[in-house]
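Novice: Each residue of the sequence shown is one higher than the one before, starting from 1224 at the first, in our numbering.
Honestly, the hints are just simulated from the structure, not real lab data.
Bear in mind the structure is a predicted one, so any value in this text is a computation, not a measurement.
It cannot be assumed that every hint is accurate.
[Unchecked claim] Here are the simulated lysine-lysine pairs, DSSO-like style, with alpha carbons at most 27 Å apart: (1) Lys1563 <-> Lys1296; (2) Lys1563 <-> Lys1461; (3) Lys1538 <-> Lys1560; (4) Lys1534 <-> Lys1333; (5) Lys1468 <-> Lys1560; (6) Lys1487 <-> Lys1534; (7) Lys1486 <-> Lys1534; (8) Lys1560 <-> Lys1461; (9) Lys1538 <-> Lys1563; (10) Lys1454 <-> Lys1315; (11) Lys1538 <-> Lys1315; (12) Lys1563 <-> Lys1534; (13) Lys1315 <-> Lys1491; (14) Lys1292 <-> Lys1461; (15) Lys1289 <-> Lys1333; (16) Lys1534 <-> Lys1491; (17) Lys1454 <-> Lys1468; (18) Lys1312 <-> Lys1333; (19) Lys1312 <-> Lys1454; (20) Lys1315 <-> Lys1326; (21) Lys1487 <-> Lys1602; (22) Lys1292 <-> Lys1263; (23) Lys1602 <-> Lys1486.
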Amino acid sequence: MIFLFFILYLNQIFNFNVNKKYFIHLQKSFYNNINIEKMKNEYYALGLMSGTSLDGLDLALCHFVKTTKWNYKVIAAATIEYPEYLRAKLDKSIELSAYEFVKLDVDLGKFTGEQINAFLATQSISPDFIASHGHTTFHQPQIGLTSQIGSGATIAAYTEITTVCDFRTTDVALGGQGAPLVPIGDELLFEQYDACLNLGGISNISFRLNGIRTAFDVSPCNMALNYLANKINLPYDKDGENARKGNINTNLLNILNNIDFYKKEGAKSLGKEWFDTVFQPYIDSAEISVYDTLRTVTEHIAMQLETVLHKQNIKTLLVTGGGARNVFLIERLNAAKTRKIIIPDSQTIDFKEAIIFAFLGVLRMRGEINCLRAVTGAKTDSCGGCIYLGK
């Protein structure tokens, strides 16, 4: 709109030969595009997710339809492993120089664009747009800082498909945590459960409190378990088998349970910097075996989750994310047997976050709220996300 008025202003000042009918046509097109997007009740969207556990890039091609409520169907989904050079850079991204960091942003965008093109070449449907979470590197909302790399402009250029990205920064600018973002999807797509628990690199939970959706990060999860599994040359602790072999170290367990983060109330979130500087030093300094450390950390995660679930009297719990496949962790979480834990189909376990980011993109394209202040602690609800136009 500003561009259109700028043209008219130049025409008045410099007597440019601007066809007024054409200007009016542009003006109508601008408003019509907004209205058409608002009127649409059907979208094809490709959601992308790259989690802190660095398992890979998740892609979910989804079909969304709004009737009396929003419904979705996953058309196709895939996880693309990062090549080792890229995974190593992402793992150490907060240690890179400014130049290397910016280059990694573009390189990840190129890799993502190439993978999207290969993925969509196998599909008969092209999405209306791409919604990319990016990969979180710096996340320090207390100082107004958060960064998700994987250049949306580069993705749009490589795929020629409109790309929505950078979903967190508006909320952080409004004083929020910029996380979690998934709860709006829990509210509109998975409202049949008392709570939704994601066991990714970080565990986070979403539930209704006094009729209002609320959510927060609970504890580290796969970020810690994978870190320990790497010490015995494993990418992750399959089914929690190695944790099962160990014994709980009471001293370490007490130290972890007394970390200040767990005493905070309300909106709160975790990032890799917190894990590196707060959590990791405790588990590194414990003079016990990796198996005992895995067992102790698993118990710690289960205890922190149980504290929240008990307090909120959760009776039906949907569990997704890679940790849903950790048999031993789920056993420990279900030890009290006071609630029904629902482990859904494999597609929902693995791609729920990518599905919801596709949905966040739908809400962004419609200009509707996709980030809840009740969840993040921001001054207002917001509609976050930068849009880079495709071809």
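Novice: Between the alpha carbons of Lys1534 and Lys1333, is the straight-line distance 27 Å or under?
Specialist: Judged against 27 Å, a Cα distance of about 45 Å means the pair is violated.
Novice: Check whether the Cα positions of Lys1486 and Lys1534 lie no farther apart than 27 Å.
Specialist: Answer holds: Lys1486 to Lys1534 is near 14 Å, not above 27 Å.
Novice: If you draw a straight line from the CA of Lys1534 to the CA of Lys1491, is it 27 Å or shorter?
Specialist: holds (17 Å)
Novice: For Lys1538 and Lys1563, compute the direct alpha-carbon distance and say whether it is at most 27 Å.
Specialist: OK: Lys1538 and Lys1563 at ~6 Å, within 27 Å.
Novice: Keeping to a limit of 27 Å between CA atoms, is the pair of Lys1487 and Lys1602 held or broken?
Specialist: Measuring from Cα to Cα gives roughly 19 Å; hence the hint holds.
Novice: Hinted pair, alpha-carbon criterion (27 Å max): Lys1312, Lys1333. Please report holds or violated.
Specialist: Judged against 27 Å, a Cα distance of about 15 Å means the pair holds.
Novice: Are the Cα positions of Lys1315 and Lys1491 separated by 27 Å at most?
Specialist: Holds - the C-alpha atoms of Lys1491 and Lys1315 are around 24 Å apart, at most 27 Å.
Novice: Hint check: Lys1454 vs Lys1315, CA-CA at most 27 Å. Holds or violated?
Specialist: holds (17 Å)
Novice: What's the verdict on Lys1292 and Lys1461, does the C-alpha distance respect the 27 Å limit or exceed it?
Specialist: violated (38 Å)
Novice: Tell me if the straight-line CA distance from Lys1538 to Lys1315 falls inside 27 Å.
Specialist: violated (40 Å)
Novice: Taken at face value, is the distance from the CA of Lys1263 to the CA of Lys1292 at most 27 Å?
Specialist: The hint holds at about 14 Å.
Novice: Do the alpha carbons of Lys1312 and Lys1454 lie within 27 Å of each other, as the hint requires?
Specialist: holds (19 Å)
Hint compliance for this structure: hints 4, 11, 14, 15 are not met, and every other hint is.
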